[in-house]
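Chemist: Those protein sequences? They're chains W and S, same order as listed. Residues in the first sequence are numbered from 1 upward in steps of one, following the numbering used here. Residues in the second sequence are numbered from 185 upward in steps of one, following the numbering used here.
One or more hints might be untrue.
As the list claims (entries may be wrong) - Part of the chain W face toward chain S, derived, beta carbon under 7 Å:
no., residue
1, Ala-27
2, Val-30
3, Ala-40
4, Asp-64
5, Ala-68
6, Gly-72
7, Asn-119
8, Arg-131
9, Gln-135
Read the hints as simulated data drawn from the structure, not as lab findings. A quick note: this is a predicted structure, and the numbers were derived from the prediction, not measured. We treat Cβ as the ideally placed atom computed from N, Cα and C, and that holds for glycine.
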Amino acid sequence: MSDADLVRQAQQGDAASYGELVRRWSARIVGFCHAKVGAAPAEDLAQETLLRGFRAVATLSDPDRFGAWLRGIATRVCLDWLKSKGRRDARFQAIDGDGRFETLAADARLSPGEQAEVNDELAQLMCEVERLPEQYREVLMIYYYDEPTYKELAAMLEVSPATVNARLTKARQLLRRRLSGVQP
Amino acid sequence: MTFDCRQTHQSVSGWLDGELDAEAARELESHLAECSACRQEVDSARREHEQLITAFAPRRAAARQAAESVVDRIATESAPPTKQTPEKSPSSESITASRLPTIRRGLQLLLAAAAGFLVAVLVFRPWEQPAIEDQQAETNQSAPGDGSSPDGDFFIHPAVAEATDVARLSLTTGPVEYAPAAGADFFACPSNAAFESGAVLRTLPSVRCEVDLDESVRLRLNETTETRLIGPRQLELVRGRLWLDASNSAEPYTIATADVKITADHATLDCQAEPPQVTLLVLAGNVSVEGDDWREVVAQGEQLAIDGDARTKQRPAVDPIVETRWVHDLLIHKGANDEELNQRIDRLWAQVGRAKMTHLYEAEIRSLGGHCVTPLSCYIQSPDSRQEHDRRVSAARLLADVAQVESIPELIKLLSDEDGEVRYYAALALERLTGQNFGRQAKDWQASSWTACQPTADQWRTWWQTAKGRYPGVKGDPTPQPPMQKKS
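With the rest of the complex left out, here is chain W (with noise of 0.2 Å):
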């Protein structure tokens, strides 16, 4: 069913359609948050983001739009999150504080040493996506929370599917640079 269904029955006041949709797009509401406030409070606010949507959901005239209505919605909770206490530097103390990049389950494969340096690794690349410029940010982060279609993510967006491509490509281009960078 697609997600403009599920939209119409939600609308009609079916609960368990707005239940659908919230697994079908929490991923990338909590990527869409990542890219704008930092990974520790991401999970938060999406799930605001996500009530929010259930609420007003009667509200919305549009349901083929209902990924860039959340995504409207999302941004205005992570600006009032911002907005409090004086939040506008939280994305960058997130990267060095408990946004960090969380350990993986060992790999049996790995010896204690090469974990801890495929750690490292990963722990550097999560800290170079935290530091792309936003636009590329945003792309990036919601494509690896849930890997949806250029097509999808353009809707989302409101951007073409075009423009994710080179967004994305870019994206990775500037990852590789920096990390050739720093890590030679």
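Got chain W sorted already, so can you dock chain S onto it with the hints?
Modeler: Using the frame of chain W, we list chain S on its own:
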């Protein structure tokens, strides 16, 4: 014909993500078979892609958990609000009951709303709220109409329980009035009130307010302004003056006046309407304006004056930052160090000593009083200001004139500035604010060497550690940044 290297670089992402059509993929693969440099590039891109998938794995798992939490929560809320759902009575115990119905016009609702507002006004007394900053923080963390509190539980303000989330009053400098529909009686708004489509908002003399509109649009109303919320993305400016920021909005926002329609698409504007005159100033982006048989696009920094059939578009003589000074009244209510206010002060300060009407900018900064201390102090302490001796001293002079007790830590910091004139003005202000000087007159801070002054600066810092309890609410560390201190 196969791809060249440039096309390959542009298509690698799409190829890795399975987004390239079959023909393009074949062409790319043919090129790779021939070009070792591109093969190397693609191998590197693939490795990075796989690493990213691995790196994001824990985040994806966390996102799935977040989804399930939301699903659980909405299950407790039952059905989402619908346009067709019959109205239910709000209940203080059940968020579901209070949030569900969309408002329908009718006598019952009007009476309920009137009673709710009266109770809320009496209980919350919005005109007597000293802690506006706290109120603001609360607003941000737990938006009424959304019903979420910072700790994850739910509550809903009784006065706004039934309102749909078209707009929300987030800040006021005094009482704001509201009518549920055009022609209806006005009520005093409780703080954080939410408004539905059709609501009319008006500000009284000397009162300004800020309203969060749908999604990411922010509205500010100047004094004696009346506006009607037509729908989620449009309003009518009946009279008065508003400021609208739709720069982060995914969709355009429309303002209607009696004669024109103004559409802000990723734009910020200031608009005055005293029919038949309308004046629009575009602060960011481009704004489209339509009349009966005409349409104009007004660019950033341009002003369009409409008087009946006559239209004049020009760059205003007064800087937009000065022209829109009325919003400062709201920004200073957001508490110390509001980022937007600091940015505006930075822009004003950037013109002092450089622009033609420099006194205008300086007067504007002075009018903000103690609020401009932090931006000015930051400027004085910035490495860039080292090359601008005269402006640094001007900033210190301005700062000494307007500083309030909140600025004491910043002023103590400046006692360790390398420039004697800056130290002089900081000492002058400190003496004015505290009535003491630790035996060193202001002029001595300028005449003596930096080294000779520092023991007294240390005395000030020691004093502050013991005296700060006498200045409740004043925060800040008087320790200077290392670049301010001379080695000898």
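Chemist: Hint by hint, note whether the structure agrees.
Modeler: Each hint, compared with the structure:
Nearest Cβ of chain S to the Cβ of Ala-27 (chain W): about 4 Å, under the 7 Å cut. The hint holds. Interface hint at Val-30 (chain W): satisfied, since its Cβ lies 4 Å from the closest Cβ of chain S, which is below the 7 Å cut-off. This hint is violated: Ala-40 (chain W) has a C-beta 11 Å from the nearest C-beta of chain S, more than the 7 Å allowed. The beta carbon of Asp-64 (chain W) comes no nearer than 14 Å to any beta carbon in chain S, farther than 7 Å, and the hint placing it at the interface is violated.
A distance limit of 7 Å between C-beta atoms decides the matter here; for Ala-68 (chain W) the minimum to chain S is near 5 Å, and the interface restraint holds. At its closest, the beta carbon of Gly-72 (chain W) sits 4 Å from a beta carbon of chain S; the interface hint therefore holds under the 7 Å criterion. Restraint check, Asn-119 (chain W) versus chain S: the minimum CB separation of about 10 Å is more than 7 Å; hint violated. Annotation: interface hint on Arg-131 (chain W) violated; nearest CB of chain S at approximately 14 Å, more than 7 Å.
The closest approach between the C-beta of Gln-135 (chain W) and any C-beta of chain S is roughly 13 Å, which is over the 7 Å cut-off, so the hint fails.
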